[in-house]
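Engineer: The residues making up each chain are set out below.
Number of protein chains: 2
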Amino acid sequence: MKLNILGCYSATPRTFTNPTSQVLEINNHLFLIDCGEGTQVQLRRHKIKFNRIKHIFISHLHGDHFFGLVGLISTMRLLTRETELHIYAPKGLKEVITLQMKLANSWTNFDLIFHELTSEFSELIFEDKKVEVYTIPLNHRVYTNGFLFKEKPGERKLDMNAVLNANIDIAYYRKLKQGADVINNDGKIINNEAVTFAPDKPKSYAFCSDTAYKEDIVPIIKNVDVLYHESTFLEQHAHLAPKTKHSTAKEAGSIAKQANVGKLLLGHYSTRYDDLNLFKTEAQTLFKNVELADDGKVFEF
Amino acid sequence: MKLNILGCYSATPRTFTNPTSQVLEINNHLFLIDCGEGTQVQLRRHKIKFNRIKHIFISHLHGDHFFGLVGLISTMRLLTRETELHIYAPKGLKEVITLQMKLANSWTNFDLIFHELTSEFSELIFEDKKVEVYTIPLNHRVYTNGFLFKEKPGERKLDMNAVLNANIDIAYYRKLKQGADVINNDGKIINNEAVTFAPDKPKSYAFCSDTAYKEDIVPIIKNVDVLYHESTFLEQHAHLAPKTKHSTAKEAGSIAKQANVGKLLLGHYSTRYDDLNLFKTEAQTLFKNVELADDGKVFEF
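These protein sequences, in sequence, are chains A and B.
Taken in order, the first sequence gives residues 1 to 301; the numbers are from full-length UniProt numbering.
Taken in order, the second sequence gives residues 1 to 301; the numbers are from full-length UniProt numbering.
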């Protein structure tokens, strides 16, 4: 998995910082998560091909998380895209996008498929052979979801030397990969683990922005490898967090600890702060493995 | 008058070029003309204070001319603006903007006043003591207006030495500024031109983008000091101009010549070209005083 941070600052685009957008590469998918103004330029800067993006996930309908979407779709149209595009977003976004296409008399040549979200409970919204995506209901000023991206467990890998030594017919290889014990050409039961390796541990990533501190999400994101959790405020402005329904760095640290995640990424910083390191320091009072997201950073895990 | 080019390329924002937006400074007004994606960041780069913009003119509802507007309005809201904002734009824009504010539950604290345009004829849409703004109906794939900005003739200036020598009562100064002859303290008629200077010649600027070649605009923009006329294509792609309802550089030159303008500014270049100088060369086959607009350029006239 590879995570490209295109933008991770709150509120408004500025000369050197961008509102929320990131691209998660997982099992050959390029999932775009949120799409603030300027995202299409950030995609160009990161040399990410627009055509490889087939699924876009929008957390909520505040401008700093979706104002770049209509422009990205328009550009895809100008680039004569033909591949269908799926958009997972709160109800209402379809109306915003189609109204603007209607006024411009500019319909896309490709299928634009909206999956409008309304549920207050975590739900499976995407699935293929290798990946699942679930919503994570958050607590913000408008209807908001985070997203949980999970690889499915892979197949076991054949230890070819052991398989050949054990005199197993090729017809049984499929069963071996699925974890079954098999009978060899001599009629002997071969224990699966003796001739296969365990699959790679499936990876998982949770994106949680924007949200007030919400312990209810802990069971949903339990044990994820990486958690991106918003941290709009430092402790000195902790009183603003409940009012604006955002979180502090320390609250992000608390959620990470309770959910026993592998790594915590902080982001969605208020633009009032100059020194991002304070976010890390404050989160680390509760949870050690913290990294700071920043525009242009790429995380591989 | 001062013209800040924030963006002057067609179609899509790219890493180093921006879609259409410009700021005209005229008689203490800052008029924003068009507002492609990223305009708010370009305003910051140019150190133009958002609060000084009170009137925004949108030519048409293609994305590269207005996708940055909703984000700019949102940012003005976050900056706790209180001054009212007037938006002159084709019918439909109000619905786009208000729908997005409704979904975000983020209404502005300042008055947002839409002047929706529908007329097919040139009309006066703004006027104060010193400036008038008229629409210039253009010919594009959707309903489109250019805009003509005109200073009103100023008052004559007193030649104070001559006024004092002529023994004129201070009560008549106002009349002198308005151009009238007056009677002095000795009962003698004083010829206005003997004691006043002519006012500065009123300046005018016409913005014409996007449009196919349209001679009907010539009487409207006759003798303007500066004409910004789109030139999407070079001659080698002239066949694309009528189809897409854009103009070539040469067509822009022809309009400038017929309208007897002071200076022609070219812009709205297709991003397929690397060498902008060819636009100038081709326009100059018909009209000499041509300059190339480019992002970040400032013209004073």
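If you are wondering where the hints come from, they were derived from the structure by calculation, not from laboratory data.
Because the structure is a prediction, the values reported are computed rather than measured.
Wrong hints could be hidden among the right ones.
As the list claims (entries may be wrong) - In silico lysine-lysine, BS3-like type, Cα no more than 30 Å apart, as pairs:
1. K214/B x K245/A
2. K102/A x K54/B
3. K102/B x K54/A
4. K130/A x K177/A
5. K102/B x K102/A
6. K175/B x K102/A
7. K214/B x K91/A
8. K102/B x K243/A
9. K54/B x K297/A
10. K102/A x K2/B
11. K188/B x K297/B
12. K94/A x K49/B
13. K297/B x K102/A
14. K47/A x K297/B
15. K91/B x K214/A
16. K91/A x K49/B
17. K157/B x K102/A
18. K243/A x K49/B
19. K150/B x K175/B
20. K2/B x K243/B
21. K102/B x K245/A
22. K245/B x K94/A
Engineer: If a hint holds in the structure, say so; if it doesn't, say that too.
Structural biologist: Outcome of the hint check:
1. At roughly 53 Å between alpha-carbon atoms, K214/B and K245/A are farther apart than 30 Å, so this suggested pair is violated.
2. With a C-alpha separation of about 28 Å, the suggested pairing of K102/A with K54/B holds against the 30 Å cut-off.
3. At roughly 28 Å between alpha-carbon atoms, K102/B and K54/A fall within 30 Å of each other, so this suggested pair holds.
4. The hinted pair formed by K130/A and K177/A meets the criterion: a straight-line CA distance of about 15 Å does not exceed 30 Å.
5. A hinted pair counts as satisfied when its Cα atoms are at most 30 Å apart, and K102/B with K102/A qualifies at roughly 19 Å.
6. Taking the CA atoms of K175/B and K102/A, the gap is about 55 Å. The hint is violated against a cut of 30 Å.
7. A hinted pair counts as satisfied when its Cα atoms are at most 30 Å apart, and K214/B with K91/A does not qualify at roughly 43 Å.
8. At roughly 20 Å between alpha-carbon atoms, K102/B and K243/A fall within 30 Å of each other, so this suggested pair holds.
9. Distance restraint check for K54/B and K297/A: the Cα-Cα separation of roughly 38 Å exceeds the 30 Å cut-off, and the hinted pair is therefore not satisfied.
10. Among the hinted pairs, K102/A with K2/B is inconsistent with the structure: their alpha-carbon atoms are about 35 Å apart, more than 30 Å.
11. In summary, the hint linking K188/B to K297/B is not supported, as the alpha carbons are separated by about 54 Å, beyond the 30 Å threshold.
12. As the CA atoms of K94/A and K49/B are separated by approximately 33 Å, the hinted pair breaks the 30 Å bound.
13. With a CA separation close to 34 Å, the supplied pair K297/B and K102/A exceeds the 30 Å bound.
14. About 28 Å separates the Cα atoms of K47/A and K297/B, which keeps this hinted pair within 30 Å; it holds.
15. Distance restraint check for K91/B and K214/A: the Cα-Cα separation of roughly 43 Å exceeds the 30 Å cut-off, and the hinted pair is therefore not satisfied.
16. The suggested pairing of K91/A with K49/B is violated, with an alpha-carbon distance near 35 Å, which exceeds 30 Å.
17. Our distance criterion of 30 Å between C-alpha atoms is broken by K157/B and K102/A, whose separation comes to about 53 Å.
18. Among the hinted pairs, K243/A with K49/B is consistent with the structure: their alpha-carbon atoms are about 29 Å apart, no more than 30 Å.
19. Taking the CA atoms of K150/B and K175/B, the gap is near 24 Å; set against the 30 Å cutoff, the hint holds.
20. For the given pair, K2/B sits about 34 Å from K243/B by alpha-carbon distance, which is inconsistent with the 30 Å threshold.
21. As the CA atoms of K102/B and K245/A are separated by approximately 18 Å, the hinted pair is consistent with the 30 Å bound.
22. Proximity of K245/B to K94/A is assessed by CA-CA distance (about 29 Å); at most 30 Å being required, the pair is judged to hold.
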